[in-house]
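Number of protein chains: 2
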Amino acid sequence: MSADLTRLVDPRSIVFIGASDRQDSIAQRALENLIAHSAFDGELYLVNPNRTEVFGRPCLADISEVPDTPDLAIITTPAETVLPSLKACAALGVRFAIVFTAGFSEVNEAGQKNEADMKALADGTGMRIYGPNCPGLTNVNKRLGFTFSPAFKTDLRPGSTGLVTQGGALGRTIMQSMDRGLGIGLWCTAGNEVDLDTSDFIDHMAEAPSIDVIAVVLEGVRDGPKFIAAARHAARRAKPIVALKIGKSASGMAATQSHTAAISGSAEVNAAVLQQLGVIEVDDLDELVDVASLFALRRPRGDEKIGIFSMSGGSAALAADMIGLAGLDLAQFSLQTIATLRELLPPFAAIANPLDTSGNILATPHLLYPALKAVAEDPDVSITLFPIPLDYGKFIEIVCDEIIRVRTETGAMIIPVWMSDRTGSGYANLVAADVVPIRSLRNAAKAIKRWRDFGQRLERDEPNWSPMALQAENIAPLGPAVTITEVEAKAKLAAYGLPVPAGRLCRDASAAAAALSEIGGPVVAKIVCAAITHKSDIGGVKLGLVSPDQVSTAWTDIVARAQSHFPDAPFDGVLIEHMAPSGGIEAFAGVHRDPVFGPIMTFGLGGVYVELFRDVSRRMLPVTAVQASAMIRETRCFELLQGIRGQGASDIAALEALLVALSDFFSDPAQAVLDIEINPIWVGKRGQGVLALDAVLTLGSVR
Amino acid sequence: MSADLTRLVDPRSIVFIGASDRQDSIAQRALENLIAHSAFDGELYLVNPNRTEVFGRPCLADISEVPDTPDLAIITTPAETVLPSLKACAALGVRFAIVFTAGFSEVNEAGQKNEADMKALADGTGMRIYGPNCPGLTNVNKRLGFTFSPAFKTDLRPGSTGLVTQGGALGRTIMQSMDRGLGIGLWCTAGNEVDLDTSDFIDHMAEAPSIDVIAVVLEGVRDGPKFIAAARHAARRAKPIVALKIGKSASGMAATQSHTAAISGSAEVNAAVLQQLGVIEVDDLDELVDVASLFALRRPRGDEKIGIFSMSGGSAALAADMIGLAGLDLAQFSLQTIATLRELLPPFAAIANPLDTSGNILATPHLLYPALKAVAEDPDVSITLFPIPLDYGKFIEIVCDEIIRVRTETGAMIIPVWMSDRTGSGYANLVAADVVPIRSLRNAAKAIKRWRDFGQRLERDEPNWSPMALQAENIAPLGPAVTITEVEAKAKLAAYGLPVPAGRLCRDASAAAAALSEIGGPVVAKIVCAAITHKSDIGGVKLGLVSPDQVSTAWTDIVARAQSHFPDAPFDGVLIEHMAPSGGIEAFAGVHRDPVFGPIMTFGLGGVYVELFRDVSRRMLPVTAVQASAMIRETRCFELLQGIRGQGASDIAALEALLVALSDFFSDPAQAVLDIEINPIWVGKRGQGVLALDAVLTLGSVR
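The listed protein sequences correspond, in order, to chains A and B. Basically our numbering = 1-based index in the first sequence + 96. Basically our numbering = 1-based index in the second sequence + 96.
Just so you know, these hints were derived from the structure itself, not from any lab. In this text the structure is predicted, and so the values were computed from the model without any measurement. Any given hint could turn out to be false.
No distinction is drawn between identical chains; accordingly, a pair holds when it is met within one copy or between any pair of copies.
In silico DSSO-like links for lysine-lysine, alpha-carbon gap of 30 Å or less [claimed, not checked]:
(1) 631 to 781
(2) 238 to 490
(3) 183 to 588
The whole structure should be built from the sequences, with the hints applied where relevant.
Written as structure tokens, this is what we have:
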């Protein structure tokens, strides 16, 4: 599935089609980047039928004249010439082509057609196409710019963050965070993504030795399984993906679609899928930079605690607030650390975590080094958060230099937070030393939380799990939908080990009365008719029946009501079913097919918890035992199942087993399930089990 | 209650005690600020017994030699000399004294004693003291610096934001946001706040004509009623207070207390009080600046809609996301606006809200002005959000200049969002024009939401309401606490119009049986004993009794159980009470006394909604009808009361009336209530009313 992009990002030879030195043309700017600002030392062939020389280099009239098979073609010629040029490149055996040219699917249908032809060419020949309508590719770690952006030469801080974007502008926002110290080794942004796309770049970076963290600005995912595969690849390499998903609100989604024509998908499903894949979702671009910068320093274990080194009481308290509100833990300084700090610092310093040295330390800057070292090396401290509330010229410059010194000497994770809008020489020194100051304590705490939690997630990951959507047949349409009756649905579920109440489908009143004695009361009587989905609304359900008379009267009454509401609906009879004991909790579980990511299971407690508090969890299928357990535990209602206010614990193990069985059932292609909702699920006390009390099941055709 | 601080912030004459020109001394730096960098043209008297001349000005040996009554004294002498100096100033009739000197309550008990003496002096003489242990006061709009900070001369961007902080460092963080364009007219930061405090400065700024918005960094409130009065003063002037509260988490609170010794209070109560007072709480310092900058432009109506003007598809979508996620509304462009934009912009621009001109507009910068003007002047657009994703030198400089031009010409609220970490000439031009670029779209949306919502809040404010805490007797301790029985509590509540079930206190079994026929069944029987708070746990409650036999057996059984568990507790009998009809919803309401802010009512639906979802609302007393209505409606459970899933609506009007009656009851000093919880409150369907089913009431002594 994944392409080896090594020769795209680091080609040995390049053919440049549409070479020109006309000032400010795209070709001229791209060539200048390549010749003057890149460290490219391979062969470069220029092609332009109207020129014999460009930038003092010979120019070929046609691609076919290239005496070699270049790894990469760069195409800058007008839209109508792009496809013929690509064909000529493919004929030559070129492996990759970058197309800067705009004027395709983003402008009209002819452009869409043109792109479809390009895609067919790529599929048919194996030549991979990057673009069109893109600013190109920037390999900072190798100092290679296959881009016409005049910013290439200014944005060259190498590093272990790989960047993948769809739109170019927001990618450049992130590239400019180099001015905040972030090193970005490789930036891929393939515009209309006719062939190579976000997933390919993630997949490449998952293997790329110089990349430790993959930052993604994600406008939409067209090919769910491909994205999933790339994300799983990164997860297997324990390489974090940090993503900002755009198009989360209705209007954002509309804007994204007009922009990239990519499918944005439902925000809730997207978020659940990203979480399940181990992708760290962030809320804005600055957070993307913050989180990436932490991963670029170190991978988390998941249990890291925080030390706060502050020079003012207000900053100390604010930092402690942010740590506490983010759900992080402050470290407990050792007696040794406390003793060292007491010896170093004046009596009015607050020797605790958070540490407040007081601003007087600026007057005795030689104390900064030993005090910071004591905190950073405390055995309980994994991260030292260092709030810098204000710029204060030379004084703060010394502070920043000591931060750099202790970081360098000890390798400790010391995270300075530059809180002021004034960025002076201290800030500049941090950035020059590749330290990324975070710009607010709130952002710092959020970033550390996401970083730390990734460590916990890594530990729980099931390396061999892969989602059902990767099996293509499971996300293809399954033909016309048919909703079957509750009785049929429960029979199918029971065959997969899902517990359902004892029941009988009764075709007359006397059979109903007989069923009562067979299965024992109390029973419930329910109309069975595929056309009737809201059974209660038409009086099609009677609860708590205990005598044969009650049951037989209920049968007659229910049938009469059903026939008066739906005179023409073929009905199967009345289901007489043993009632669940009182005292249980109601839950629900369902699976639907997301058009991008395939089958998604949703779990929650029923009723108002879902309607008012949207308290549900979601997973792509298959749901393993480990995942079922996590799904149940991550709802806020979990406490109810554990037994709140003196209630005993519910049968959580049985509920987990039900979710796994539901996943197995749905995952069996022979069942051809389109979607299913089991609602309510009765959850008894521990040992009492669970029961699928009702189920709505829609089937497709089995192919 | 409030002091007139006009002559503190703008004195006609000053006496400076401890005058010195010793390089880098506090006195020298303060005098330099006053003489060289301030526009002070009043009389300045210098006092130092060891000098005859400082900075070429004559120096008096003693305060008593000052031939005038200065408005302000500035004191820089060592801690032990401060009190005598203050006394001399008071003797002279000086109205205000600023004490820079440190070494008071922040270091030891002697310092605390010293401060207590200073406070007594202020109270006794009427001379108001600012400090000690503070960096002073900065009146930027008058260019007056009564501060030893070397930063005074650099932080001089005037404006309509007033700043109040407790710690100096975080105040300076905000002052440095002048580098992001915020003008700050006056900054008060009184350190240990021995006399004048945060509330006095808010109170002053509420009247100050040059201040439109009050930004506060609040570490703790010692005097709740004083703070409330100041906040109400600002509310009456419709002047927004934007506050960052520090000490919200347990560790943050601990750090704040060690820092300022101010009472931080419970985070939840603090947040509720701030909200009720109309104070806009923000989550971090950058947000404080963002929100203040919007208020400095204009006051909101509460119904403002947003236009998005963007130059890239990604920014358009991200901006729309943030607006949507924040709960704001995008404007609907008029046909005229659409037509204008279509005419101006190329065919591939996305003409909609969000508008995406595409990056090509940078090549035709003359279109920026008319296009931006069209959006900003659209009748449905109140705020134009302009994301600037990257710095691009001259190109973005032009963009910024056009933003400034349209803002200036039309007066429209155009908010540029500078998303990049690279701040180039465009950014500098915005700042130079007093435009405050917000640094992320997330922050921009959050700030606009808070700004807009203030408009809605202003509309709902009850100008004559003032909280009960302002009446001092109500927050004083009321003597030893006594918990009374349910029967006594309900009698008291009933007298204030709170509906309670019909019931009889029965001292023997036959009286209980008789009570059944009087009040009608079903009834509940409950032990009545002030010592037993968890009646159900000991079998002291029997539900659903319908026959005289059942009631009389219940009486005997309950009494036996109570006596076996609490053999020595004096019990009053058994309450036989009519049961509430089935089908109601349970709620709870209680009032407790916060040590800082006085009586606080808490409301919520009972049980798991509160325990799992913390879904409660709070108000300071008195709770008016308007506030009771809002309290009920702001819980997420409100939908349950409205009638979710086909259930009818509950009797919300009766519930509102109950909350108001509870407030009235608690507010009556004759009742001497310390705290009360009514739990559960039965809420019937519309027209059925509500009932206080149980109540725990603790009384203090009436003085």
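Quiz item: What hint numbers does the structure not satisfy?
Solution: 3
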